[in-house]
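J.: Spelled out from the first residue to the last, the chains are:
Protein chains: 2
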Amino acid sequence: MNIPQYMTELGERARRASRAMARATTAQKNAALLAMADAFERDCKSLLAENRKDMDAAKANGLDSAMLDRLELNEARVKAMADGVRQVAALADPIGAITEMNYRPSGIQVGKMRVPLGVIGIIYESRPNVTADAASLCLKSGNATILRGGSEAHHSNRAIAACVRAGLKSANLPDDAVQVIETTDRAAVHELVKMTRYVDVIVPRGGKGLIEMVSNEARVPVIKHLHGICHVYIDDAADIEKAIPIAFNAKTHRYGVCNAMETLLVAEALAERVLPTLAAMYLEKGVELRGCEKTRALVKSCKPATEEDWSTEYLAPILSIRVVKGLDQAIDHINTYGSQHTDAIVTEDLTRARIFLAEVDSSSVIVNASTRFADGFEYGLGAEIGISTDKIHARGPVGLEGLTSQKYVVIGDGHIRK
Amino acid sequence: MNIPQYMTELGERARRASRAMARATTAQKNAALLAMADAFERDCKSLLAENRKDMDAAKANGLDSAMLDRLELNEARVKAMADGVRQVAALADPIGAITEMNYRPSGIQVGKMRVPLGVIGIIYESRPNVTADAASLCLKSGNATILRGGSEAHHSNRAIAACVRAGLKSANLPDDAVQVIETTDRAAVHELVKMTRYVDVIVPRGGKGLIEMVSNEARVPVIKHLHGICHVYIDDAADIEKAIPIAFNAKTHRYGVCNAMETLLVAEALAERVLPTLAAMYLEKGVELRGCEKTRALVKSCKPATEEDWSTEYLAPILSIRVVKGLDQAIDHINTYGSQHTDAIVTEDLTRARIFLAEVDSSSVIVNASTRFADGFEYGLGAEIGISTDKIHARGPVGLEGLTSQKYVVIGDGHIRK
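From first to last, the protein sequence lines are chains V and W.
The numbers in the first sequence follow my numbering, run straight up by one, and end at 1128.
The numbers in the second sequence follow my numbering, run straight up by one, and end at 1128.
It is worth saying that the hints were derived from the structure and are not from the lab.
There's no promise every hint is true.
In this list, chains with the same sequence are indistinguishable; a pair is considered to hold if it fits within one copy or across any two.
Unchecked claim - When the alpha-carbon atoms are kept at most 25 Å apart in a straight line, the in silico SDA-like pairs for lysine to any residue are as follows:
{"no.": "1", "residue 1": "Lys769", "residue 2": "Ala799"}
{"no.": "2", "residue 1": "Lys822", "residue 2": "Tyr1047"}
{"no.": "3", "residue 1": "Lys822", "residue 2": "Gly1092"}
{"no.": "4", "residue 1": "Lys934", "residue 2": "Arg907"}
{"no.": "5", "residue 1": "Lys1013", "residue 2": "Ile1065"}
{"no.": "6", "residue 1": "Lys769", "residue 2": "Val1009"}
{"no.": "7", "residue 1": "Lys822", "residue 2": "His937"}
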């Protein structure tokens, strides 16, 4: 297979399909989504049979149990996938909305119209349900999509994509609006991220290695999610009854997620009242604690934290703890060691809350709530294609709107420039 | 000079200054801008003396008269520069605005806060007034700036930057918020566009060569403006009394600008009534015409257009003309040969206007007005740092808002994730 030629053809088909998708009505897009969801349920048996091929190969290749779990489809997961697509159908269509339409002194009217980005490339690993999630969000936002899943999920992804394409066809939309790269050759990915002519944005979903590779190679803009080194800062003026549950929830609600707290900062004045209680709770839950000198003076079982700990995303039952002088040092720590993902303050002091919100340079800044709320569903986006740690285009959880752009619309009545 | 080390130090200073700028109040930023404007007028003589050095060198190096004109400062231009900065001071401060603050079912409030991008690198050619324009827009939007002007304007840019930095100091803001790269070594540019750690976005302002070089090399996101192949389509349902002045204005108001029309499309049904009149007007104005067969049958003096003409940005008194069957062919032509910059339709038919607005994939789509309106001032942005032909982040004229991002703000009252 000639990879550059194959990818160019794929790109041309996607570009053509994207024009039809940009014109598609809301009713058409929703009909396609509902047909997709029905197809998943109707073809459940054959989806599971295709998934079985991937699972068998993965076991033969010695993939670990976490990987196998991510790869596996079962009836409940197929049902969940269909329901997810139906939820996307129920979301408001962002495309075509005209806002800020105002008259200018020249007499022309100027406003902005929300439009699709065009062609979106999604590169992801193992979990086959991403095929359905990503395709449905891109479809609803009027984009064409080129999908490249993990090679270990190849059969599953093809089977899911067949349902997606059947849904598109049934709504008289071009099935090229969702294409799966048919080769598992890595060269196809290297090609995809450089096809500026055919691809408008790349969304990599996966581990740090994948995202760094894509960022380094891409000529197409990337909406990327690097890592989440999230903090909770317990301020001098915190209500301890709120601070302790928030700090506990932020670390222990789930360990392997990007919005879990990795470092706890505690104001000196409060450390003695807060840390021993919290430490006991963490230790009972099996969380390993690594702290600064002052923390260790208050918590005997706490190991010493190294400089490296402050910039580590554990994604595990490990927590680093630092006692700070107060707000300024907390903000400084977060802006120095954090990853601009999600950071929270617990305080009853309005002025300090305002300063924290203004000065912490993260995609989500939170007052008196757990970092675990940083999520597209919790924020009301309906669904998310990822969480952006970039500042350009989309920041934080990215929903349908992050997959769109705006163009200027101008209406005159024969106006010329003087 | 060790360029990588020099640029790293510059970057570190910019990053530090950007944190102070993000915290700066509107009053402080405006005070700095007004002090800058005053400094330009007060130091006008020395600005002109520094500019004289650049002019003398440029003449000695044989720069052409257009280049010399762009490079030259005089009292009127310095005054205009100062007034431009005062206009930026008068614009509303976008930073800190919180919008869409709503309660979610969980009980948390979620909204978005507008924040600066951080550090903006501006790479530009010859015209020294860009130093003041770009610095003032970046300053007002709370960003730090690293400026790299053309080497031929080096003395002028340094002198302007000195006034800018004096203005910052007088308002107790860090003068490192605006830095000029002191070396004319090209290696500094190659370094700048790769410093993802210190620079959040690059805005290249200049010719196609500069922009392509920056796009190809940059690892930092780029807000770029490639080229403007703009169209006016005169529809079957056009009012000829509007169509003729619009088509004439779009081509002849100014030739060397990106929003000038380069190709005129005329519906077959109207060609006979429109083209001979328009052609006579263009020819009297000295515009060279290059047309399709049908155009040439109606306009004797029209040269034949080649395939290349349809994708050429003349920036000159040259116009290509094509007779099309109607709306569909016009849209197809524009989406095929255009540069997604600015395209206009002249029509009295509401349905065709709606189709044109929805389906033409350009940063500005216009009904019944000249393409020359695609401009930050005309659109009410107050000022523009450029026109983006990208879809990501900012599209069309980019004003203060294009130099900002939004972060999520979340307020709870002890909320934890269930």
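J.: Now, for every hint given, state plainly whether the structure supports it.
T.: Cross-check of the supplied hints:
1. In this homomeric assembly, Lys769 and Ala799 never come within 25 Å of each other (Cα to Cα): the closest approach is 36 Å inside a single copy and 65 Å across copies.
2. In this homomeric assembly, Lys822 and Tyr1047 come within 25 Å of each other (Cα to Cα) only across copies, at 23 Å, whereas the closest approach inside a single copy is 38 Å.
3. For the homomeric pair Lys822 and Gly1092, the shortest alpha-carbon distances inside one copy (23 Å) and between copies (16 Å) are both at most 25 Å.
4. When the C-alpha separation of Lys934 and Arg907 is checked against a cutoff of 25 Å, the pair qualifies both within a copy, at 20 Å, and between copies, at 15 Å.
5. In this assembly of identical chains, Lys1013 and Ile1065 lie within 25 Å of each other by CA distance neither inside one copy nor across copies; the values are 32 Å within and 66 Å between.
6. In this assembly of identical chains, Lys769 and Val1009 lie within 25 Å of each other by CA distance neither inside one copy nor across copies; the values are 44 Å within and 74 Å between.
7. Taking the closest pair of Cα atoms, Lys822 and His937 come within 25 Å of each other only across two copies (21 Å); inside a single copy the shortest separation is 33 Å, beyond that limit.
This entry does not satisfy hints 1, 5, 6, going by the numbered hints stated previously.
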